[in-house]
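Novice: Build out the structure end to end from the sequences listed, making use of the hints.
Each chain is listed here by its residues.
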Amino acid sequence: MNLFVIAVLVLIFIFLGSAVIGLLKGGKAGSDRMFKALRMRIILSVLLFAFLLLAGALGWIEPNGFNLLPTQ
Amino acid sequence: MFHGLEESITTFIHQLWEGFKAAWPLISTPGDVGQNGVAFSTNFKLVDTWGLPALNTGLLLTSGVTLTYAHHALRAGHRDALMAWMLATIALGVIFLGFQITEYGHAYHDGLKLTSGIYGSTFYLLTGFHGFHVTIGVIMLTVILYRIQKGHFNLENHFAFEGVAWYWHFVDVVWLGLFIFVYWI
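Residue numbers (the numbering used here), protein chains in the order written: chain A, 1 to 72; chain B, 1 to 185.
Warning: the hint list may mix true and false statements.
[To be verified] Below are the DSBU-like pairs computed for lysine-lysine, each with C-alpha atoms no more than 30 Å apart in a straight line:
no., chain 1, residue 1, chain 2, residue 2
1, A, K36, A, K25
2, A, K28, B, K150
3, A, K36, B, K113
[Claimed, not checked] Ranges between beta-carbon positions, derived for each pair:
no., chain 1, residue 1, chain 2, residue 2, range
4, B, H152, A, N2, 42 to 48 Å
5, B, G177, A, K36, 20 to 26 Å
6, B, N154, A, G17, 40 to 46 Å
[Said to hold, decoys possible] Negatives, chain B to chain A, calculated, CB over 12 Å:
no., residue
7, E6
8, H133
9, L145
The hints are simulated quantities; they were obtained by calculation from the structure and are not laboratory data.
These numbers were taken from a predicted model, which means no experiment stands behind them.
Note that CB positions come from ideal geometry on N, CA and C, so glycine has one too.
Specialist: Here's what the structure looks like:
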């Protein structure tokens, strides 16, 4: 499960990379590439976030033990 | 011979620094005994991952969605929609920062500081550094909104908008990474 989450995160970074290449390329083609890449990255990010919440709710994954915070 | 040398060094260290322990000084975690030998707080428990961390992640991801709609509106030449989506993006960024400041207030009030062991330093380093970038992003988005209002961009010429948009998406992804690695994996 962790590998799947990391793989999707890596994919999101690849789309970010593709977007910055489009940005630097410039012009209509570059702008199109950037927009499509950023759109894909936000879709994947939202899906990954939803998956994490769902997987946590269903008990597929457990939050780790590093999240200590003071509480009242 | 070496045993004698080791003993001499130990004696020497104890004479210089009584109570010295050869350990990384920041390895204590909240609830442990602090560096001065006093527990800085005993009132700690696991934070609810579904609470503020998830809420802030949702806020930033939503700001990514609104920015994508703003980007689309710019490319389609819909100026009013562009300004509305940009305003929404900025507002979400400000709300995110507000929640983070509130959380810092609670954490600091309860004794979690940069000096509170390895957790305190890591927590503030990761979230603080990211929060700083979000602050910069909000300022840049506000400047872009001002420039949109001034009519600086058109369908062909909007590099500044796309540069700032990419930055915001990057900051967004970094937070998602923090959320995953700090709270889940």
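Novice: Now, for every hint given, state plainly whether the structure supports it.
Specialist: Cross-check of the supplied hints:
1. With a CA separation close to 14 Å, the supplied pair K36 of chain A and K25 of chain A stays within the 30 Å bound.
2. Pair hint K28 of chain A plus K150 of chain B holds up; C-alpha atoms about 23 Å apart against a cutoff of 30 Å.
3. This hinted pair does not check out: K36 of chain A and K113 of chain B have alpha carbons roughly 42 Å apart, beyond 30 Å.
4. The hinted range of 42 to 48 Å is satisfied by H152 of chain B and N2 of chain A, whose Cβ atoms lie roughly 45 Å apart.
5. Take G177 of chain B and K36 of chain A: their Cβ atoms lie about 22 Å apart, and the range 20 to 26 Å holds.
6. In this structure the hint that N154 of chain B and G17 of chain A lie 40 to 46 Å apart at CB is violated, the actual value being about 27 Å.
7. With a closest Cβ-Cβ approach of about 36 Å to chain A, E6 of chain B is found to remain outside the 12 Å limit, as its non-interface label requires.
8. The non-interface label for H133 of chain B is consistent with chain A: the shortest C-beta to C-beta separation is roughly 15 Å, beyond 12 Å.
9. Remark: the non-interface label on L145 of chain B is consistent with the geometry, its nearest Cβ contact in chain A lying 18 Å away (cut-off 12 Å).
When held up to the earlier numbered hints, the structure conflicts with 3, 6 and fits the remainder.
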